[in-house]
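Peer 1: Chains as they are written, first to last, in numbering that gives the first Met the number 0: chain A, 0 to 214; chain B, 0 to 214.
Hints are not guaranteed to be accurate.
Here are the computed distance ranges between Cβ atoms for each label pair [unchecked claim]:
| id | chain 1 | residue 1 | chain 2 | residue 2 | range |
| --- | --- | --- | --- | --- | --- |
| 1 | B | 198 | A | 80 | 34 to 42 Å |
| 2 | B | 155 | A | 150 | 36 to 44 Å |
| 3 | A | 116 | B | 119 | 16 to 24 Å |
| 4 | B | 43 | A | 154 | 29 to 37 Å |
Calculated from the model, a selection of chain B residues having no Cβ within reach of chain A, i.e. all distances over 10 Å [as the list claims (entries may be wrong)]:
| id | residue |
| --- | --- |
| 5 | 1 |
| 6 | 24 |
| 7 | 93 |
| 8 | 100 |
| 9 | 101 |
| 10 | 105 |
| 11 | 119 |
| 12 | 122 |
| 13 | 124 |
| 14 | 210 |
| 15 | 213 |
Think of the hints as simulated: they come from the structure by calculation, not from any bench. All figures in this text were calculated on a predicted structure; none of them were measured in a lab. We treat Cβ as the ideally placed atom computed from N, Cα and C, and that holds for glycine.
There are 2 protein chains.
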Amino acid sequence: MQRILYTYFRSSAAWRVRIALAFKGLEYTAVPVHLLRNGGEQHAEAYRELNPQEMIPALLEEGELISQSLAICEYLDECYPTPPLLPTTPVQRALVRSLALSIACDIHPINNLRVMQYLKGPLGHDQQAADVWSRHWMAVGFAALEARLAKLGSEQCCVGTTVTLADLCLVPQVANARRLNLDLAPYPHIVGIDAYLSALPAFAASHPSQQPDAE
Amino acid sequence: MQRILYTYFRSSAAWRVRIALAFKGLEYTAVPVHLLRNGGEQHAEAYRELNPQEMIPALLEEGELISQSLAICEYLDECYPTPPLLPTTPVQRALVRSLALSIACDIHPINNLRVMQYLKGPLGHDQQAADVWSRHWMAVGFAALEARLAKLGSEQCCVGTTVTLADLCLVPQVANARRLNLDLAPYPHIVGIDAYLSALPAFAASHPSQQPDAE
């Protein structure tokens with residue numbers, strides 16, 4: 000069966016899906032979509048035909064295109080349930096999804112490439128102001144996440160000792176924060192969990208530096 | 000069983016959950032959290048203890064607090080599966096989730112209250128510039144959504160003729176767009192689906208104007 004992932008090495012949303020695929024041992028062909036070259040290859044007509052949102056990642060499997068990283072991960076978890084990315088009880092599943100969404104909705108989209116481009120273009124801010132903006136939203140999001148993880152007593156993974164959807168979101172977001180020089184000292188649980196997860200094969204193999212399109 | 004929804008009449012994220020609860024016929028006690036009064040009641044210590052993200056909605060059920068609107072909706076769908084909010088096949092479920100996330104991740108969080116406050120506070124923009132910002136991201140998101148709905152041939156609901164999680168996100172976002180005077184003429188499928196859905200009892204009863212804290 001043909002499975003294609005439209006990806007960009009540095010995209011944290013694409014990285015989430017790469018972790019899911021590696022975690023479940025699923026082979027795929029990576030098709031890089033360069034988010035900066037030629038004004039952004041995600042805006043090219045051929046790709047827009049596939050995914051009108053003009054964003055990555057997108058997964059093509061058995062002729063069906065699936066977009067949105069969390070929708071792709073849930074799809075993979077339903078089709079290939081072992082090892083699972085979600086706990087078994089509704090309350091625990093909700094907890095995992097809530098942690099994942101607190102990153103995927105309330106941190107990442109406010110700092111992604113297109114928002115940075117709009118801040119620097121139409122709104123006329125410089126790179127420094129854009130970086131301050133990014134660090135602000137990451138700090139707000141991480142403070143809440145740290146409080147939740149501390150209350151849960153999380154040390155290895157976000158929820159207990161088993162990898163879940165929340166972990167797939169955490170590690171790429173921490174990498175983004177480090178790239179932006181966010182001070183991570185106030186977030187010991189996040190830092191500890193990131194260190195534990197980053198050593199796992201699925202997380203290491205899917206790291207941006209290990210991708211065919213890495214620069 | 001005690002079920003409490005922390006809500007704010009005008010919050011589109013809270014409205015999604017109110018639709019889910021009404022759609023499934025689930026009774027609840029609405030506890031209003033005023034997002035503007037006293038610097039924002041979501042930042043008060045008592046609420047922050049419950050939800051460190053200091054955002055609404057949050058659902059308290061059987062002593063468990065669940066935050067993040069989509070996590071709450073998935074939780075309700077797992078606990079109270081009839082009528083369902085997701086289709087039965089993984090591909091269709093992924094489609095619904097992808098449409099929902101395209102609103103919940105890529106439109107709403109970039110235009111919500113706290114981002115507006117940051118644009119007008121630290122970045123020094125006026126209300127007009129903040130409104131232009133909001134309309135921009137809504138227009139970008141709606142253009143992609145319209146293309147997808149047109150391709151699907153959607154007329155009543157986002158996917159076919161059955162209410163799903165995607166519809167719970169669409170109607171509140173369209174209401175936000177109307178409040179910001181976004182020209183909806185380029186999005187006939189979105190407008191048509193919104194009109195169909197808005198007449199359904201679960202959507203009408205959960206409308207901001209019907210809430211106990213409506214102003």
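Peer 1: All hints are to be evaluated individually against the structure, with a verdict given for each.
Peer 2: A quick look at each hint next to the structure:
Against the hinted window of 34 to 42 Å, the Cβ-Cβ separation of residue 198(B) and residue 80(A) comes to about 39 Å, which satisfies the hint. In this structure the hint that residue 155(B) and residue 150(A) lie 36 to 44 Å apart at CB holds, the actual value being about 43 Å. Checked against the hint of 16 to 24 Å, the pair residue 116(A) and residue 119(B) passes, with Cβ atoms roughly 21 Å apart. Our hint of 29 to 37 Å for residue 43(B) and residue 154(A) holds, since their Cβ atoms are close to 30 Å apart.
In this structure residue 1(B) is separated from chain A by more than 10 Å, as the shortest Cβ-Cβ distance comes to about 15 Å. Chain A leaves residue 24(B) outside its interface by the beta-carbon criterion, the shortest separation being 18 Å against a cut-off of 10 Å. Against chain A, the non-interface label of residue 93(B) is violated: not every CB pair exceeds 10 Å, the least being about 4 Å. Not every Cβ of chain A is farther than 10 Å from the Cβ of residue 100(B); the closest lies at roughly 4 Å, contradicting the non-interface assignment.
For residue 101(B), the requirement that its beta carbon stay farther than 10 Å from each beta carbon of chain A is not met, with the minimum near 6 Å. Non-interface call for residue 105(B) relative to chain A: violated, since the shortest CB-CB distance, roughly 6 Å, does not exceed 10 Å. Listed as outside the interface, residue 119(B) is consistent with that label: its C-beta sits roughly 12 Å from the nearest C-beta of chain A, beyond the 10 Å cut-off. Distance to chain A contradicts residue 122(B) as a non-interface residue, since its nearest Cβ pair spans about 7 Å, not more than 10 Å.
Taking the minimum C-beta to C-beta distance to chain A, about 7 Å, the non-interface status of residue 124(B) is violated against the 10 Å cut. Every Cβ of chain A is farther than 10 Å from the Cβ of residue 210(B); the closest lies at roughly 23 Å, confirming the non-interface assignment. Every Cβ of chain A is farther than 10 Å from the Cβ of residue 213(B); the closest lies at roughly 25 Å, confirming the non-interface assignment.
The structure fails hints 7, 8, 9, 10, 12, 13 (numbered hints given earlier, in ascending order).
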